[in-house]
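Add chain B to chain A, keeping to what the hints say.
Protein chains: 2
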Amino acid sequence: MRAEIIAVGSELLTPDNIDTNSLYLTHGLNEAGFEVRLKSIVGDDEADIAGILQTALQRSDLIIFSGGLGPTEDDLTRQAVAGALNRPLATNSHILEMMRQRFAARGFRMSPNNERQAQVIRDAEVLDNPLGTAPGMWIEERGRTIVLLPGPPRELKSIFEQKVVPRISRLGGEMKLAYRSFHVTGLTESELDSRLAPIYTAYPHIRTTILAGARHIAVRLYQWIDSSKPSLELEELAGKIQRELGDAVFATGGESMEEVVGRQLKESGRTLAVAESCTAGMLGMHITSVPGSSEYFMGGILCYSNQSKIDLCGVPAELLEKHGAVSAEAAECLARGVRAALHSSIGLSITGIAGPGGATPEKPVGLVYIGISIGEKTESRSRVMPGDRETIRERSTYLALSWLRRKLMEDRSRKPE
Amino acid sequence: MRAEIIAVGSELLTPDNIDTNSLYLTHGLNEAGFEVRLKSIVGDDEADIAGILQTALQRSDLIIFSGGLGPTEDDLTRQAVAGALNRPLATNSHILEMMRQRFAARGFRMSPNNERQAQVIRDAEVLDNPLGTAPGMWIEERGRTIVLLPGPPRELKSIFEQKVVPRISRLGGEMKLAYRSFHVTGLTESELDSRLAPIYTAYPHIRTTILAGARHIAVRLYQWIDSSKPSLELEELAGKIQRELGDAVFATGGESMEEVVGRQLKESGRTLAVAESCTAGMLGMHITSVPGSSEYFMGGILCYSNQSKIDLCGVPAELLEKHGAVSAEAAECLARGVRAALHSSIGLSITGIAGPGGATPEKPVGLVYIGISIGEKTESRSRVMPGDRETIRERSTYLALSWLRRKLMEDRSRKPE
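These protein sequences, in sequence, are chains A and B. Mapping of the first sequence onto the numbering used here: residues 44 to 460, in sequence order. Mapping of the second sequence onto the numbering used here: residues 44 to 460, in sequence order.
Same shape as in the complex, but just chain A (with noise of 0.2 Å):
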C-alpha cells in the first residue's frame, strides 16, 4: 500500500521550518505496512493544496495530510479537500457543544472564529482530538483514503495513534511493505557494503539501503509481502546480516546511541562524567536526553579555556604546553580528571578542533582526540573528521558514545555474571 503526505503551511515555506510531523507518520505508516511514496509541503492557498490533492488521488492508496485545521482564515485544510472532492462542508453541532464545553472549563468564551472547526466535510468521519480543537477526519474516496490531521505535534500525534493507526491497519489486506532496521556504528558505508553486498544481492525481492547520515549508518530492508503471512526470506536475511555485523550493529528498534549506552550504564550500575572543550556541552546534552539519566549521569565540565582544563579538570600546565590542549595525552588526562571531580566510575572526554580557526600545520581543523577513563585504564583516540563546525561536533559526540558503549560491552563480557 502506498501512502503520501501532505504538510499544509505558509509558516512550513520559510527559511527557518521544516515540517517534521512526516518523520513520525513515516514511521507509522511504515510500522502499518505502508510505503510512504512522496511527501509534499504546501502553503495556506486552496488552490495549491486542493491540487496536490488530486494528483495524489491518481497515485496513492492512502493520503495523509497534517494542518491548516485552525480557527483563521489561513487555515483552509477543509475547504480545500471539500472543494477538491466537490462535497460541501457543514457544522457538525456535536462538535460545536464539545467545544464550547473545552473554551468554558479554561474560562474563555469561544470566538465565532473557532466554529469553523466544527466544520465537517460530508461522509467523512470524525477523529475527534482530545488535546485540542480541531478533530481529525477520515475520508473514502473512490477507494483512496484521506486523513486529515491538526498540526500541532502533540494532537497529530494523539489522534493518530488512536484513531488512524488501528484504522489503517484494517485497510487492504493487499501487499504490505514490511522492513527491518539496523543502525551501525564504527564502519565506514564502503567498508559495510562491501561486506553486505555478498549476502543481500542474492535476495533480489528485497531492497536494501545504505545511508550514512552524521552520527550513524542505516542499514533498512524492504520488501513486498503478502500481509497474512510473515517472510521467511526477510526474516533470512535480515539474520544473515545481523551475524555478520554483530557489535557494531548497536539498534534494530530505531534505539539512540544514548538509550543503548544508557541502559548499558545502568545495568552495570556505573556512573558516568563528561568533560568537553571542542564539543562544550553537546556530549551532555546528549546524554540527558533520555528520561531518568539523572541515575547514571553525575555532571560534567565543559573545559572551553585552558585553565579550565588546569583548575576544573586537574591537567597539568606543564602537559598543556608539551603536548598541546588537543593530544591524547590532554584527552586522557581530562577523562581521569573529570572523573575524580565528579565522583563518578567512568570519565569520558573530548577535546579538537571544530574550526574554522585554530588549526596549525600539525594539527588541522577536524583532528579530535576521545579519552576515556574506566577501571583502571584510561586511553585515548583520535581521528581527523571531515565537514563544518558543527558536524565535526556531532561526528565528535557520537564517537565518544559509540566508544563508550564498546567499552561498556568488553567490560561486561569480562566480568562474571
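Hints are supplied without guarantee of correctness; some may be wrong.
For identical chains, the list gives no copy identity; a pair is met inside one copy or between any two copies.
When the alpha-carbon atoms are kept at most 30 Å apart in a straight line, the in silico DSS-like pairs for lysine-lysine are as follows [claimed, not checked]:
id	residue 1	residue 2
1	Lys-450	Lys-200
2	Lys-406	Lys-365
3	Lys-309	Lys-406
4	Lys-200	Lys-406
5	Lys-406	Lys-283
6	Lys-272	Lys-200
7	Lys-420	Lys-272
8	Lys-450	Lys-309
9	Lys-406	Lys-272
10	Lys-309	Lys-219
11	Lys-219	Lys-283
12	Lys-272	Lys-309
13	Lys-219	Lys-206
Since the hints were made in silico from the structure, they are not lab data. Fair warning: this is a prediction, and the values are worked out from it, not measured in the lab.
Same frame as chain A, but now just chain B:
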C-alpha cells in the same frame, strides 16, 4: 516570481531523514525575490520524478531539483527530467575529462558508473561543480526554468551561490517578492499580535505573518513589488514595527540569539561561564556553535547531581536541603559559583525540572530558574515552561540567552561610552 523545490531521494522518505537543503534554498530564493510556493520530496522513482515535474511546470516559474545526480542506478533525476521534457541525454566529453582528472588527482581510477554523471540533457547549460563530480544543470523550457543541483549540501550551496543566484537575479523584470523579518523575544504570540495588528492591518497589500517557535517569535512582512523600484510602503511598515517593538527585536537579518549575545560579549570585553543542571550542556553547546566563541566563553559546569552542585559550584548542602536544587537560591548560588570557578566576569545558570519525572506538588514539570551574576549583582527569574522534556530544555536555554542579552544591553546603557 514563484519557485518550487523538489528534493529527490528515497532516504528522504524514511523516518530518520529530512530534507534540509530546502531551508537554505528558500532563503536564497526569497533574497532573489522568489516566493517558494511548494516543496516536494520524492523517492528514486523515475515516473514519480517526471510526474512531479510535469505538474510543477504548470504552476511555477522556477523549479529547483536537489539530489539524484549521483553515479548509481538509483540516481534518476537526469533521466527523469530528460524524459519529462522529451529531450535526449548525451555524454559531455568535457565533463568526462574533468571527472577523469579529478579521480586521477586523488590517485583513483574512475569507475564506469561515474560516466553517468557526465550525461547532459540537450540544450541544458552545465553548472560546474568544483567540489564534486556531479555538475548541475540550467534548463529553459516553455518560459520556465529548471535547475538541477546535487544533493550533498556543500556542493549544492557552492553551485547555488556561484552559478544559480547570479542567473536567477537576472530572470524576470516582473514582480518580485520583497520581505522583512524580525526575530522577537520576551513577548507571547498574542501580546505581540495585539500590539502589531493595529499597525499592520493598515497595510492590506503587505502580508504579515507571526509565527512562534520554541526559540523565538518571527514576524515577517511580504510584498510583491515591481522589481525596478523599492517598496516605500514596506519600508514604512517595517519602521513602524521596529519602533513599536524596540528592544524586543533581537535580529532583523536572521541572526541567532547566540550570535547576538556573542557580539555583545565581545564588544563589552566580558567573559561568560555557565552552570547547567536540567539542560546539561545545551546552553554551552549553543553558545559555542558560534565560531570564535572562545574569545568570551570560558567554559562551564554540568551540575546534574546535587553533589556536583556542592563540589564544583560551591552551593552549600544546607541550601539545597532547605530550598531544593530547583529554587531561586540555588540558581543564584550556581551563577555566582560558576563565575568564580571559571574566573569569568559573568555567571549564567539554569536549574529546573525537565520531566517527565521529578515533579513535586509545589514544583511542577517545566519549572525552571535562571540565575545571572554580573557586576555586583546576582539575580534569578523563574518560569513554568510548557511542552515535553526537549522543549522545556530548549525554551530554558533560550530564556537564559534572552535574559543575558537584556542584561548586557542595560549594562551597556549604564556605562559611559
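Do the hints match the structure? See the list:
| no. | hint | verdict |
| --- | --- | --- |
| 1 | Lys-450 / Lys-200 | neither (37 Å within a copy, 39 Å between copies) |
| 2 | Lys-406 / Lys-365 | within (14 Å within a copy, 50 Å between copies) |
| 3 | Lys-309 / Lys-406 | between (37 Å within a copy, 27 Å between copies) |
| 4 | Lys-200 / Lys-406 | between (47 Å within a copy, 27 Å between copies) |
| 5 | Lys-406 / Lys-283 | neither (41 Å within a copy, 51 Å between copies) |
| 6 | Lys-272 / Lys-200 | within (29 Å within a copy, 47 Å between copies) |
| 7 | Lys-420 / Lys-272 | neither (51 Å within a copy, 70 Å between copies) |
| 8 | Lys-450 / Lys-309 | within (14 Å within a copy, 41 Å between copies) |
| 9 | Lys-406 / Lys-272 | neither (57 Å within a copy, 51 Å between copies) |
| 10 | Lys-309 / Lys-219 | neither (38 Å within a copy, 58 Å between copies) |
| 11 | Lys-219 / Lys-283 | within (23 Å within a copy, 57 Å between copies) |
| 12 | Lys-272 / Lys-309 | neither (38 Å within a copy, 65 Å between copies) |
| 13 | Lys-219 / Lys-206 | within (20 Å within a copy, 44 Å between copies) |
Taken one by one, the earlier hints fail for this structure at numbers 1, 5, 7, 9, 10, 12, listed in ascending order.
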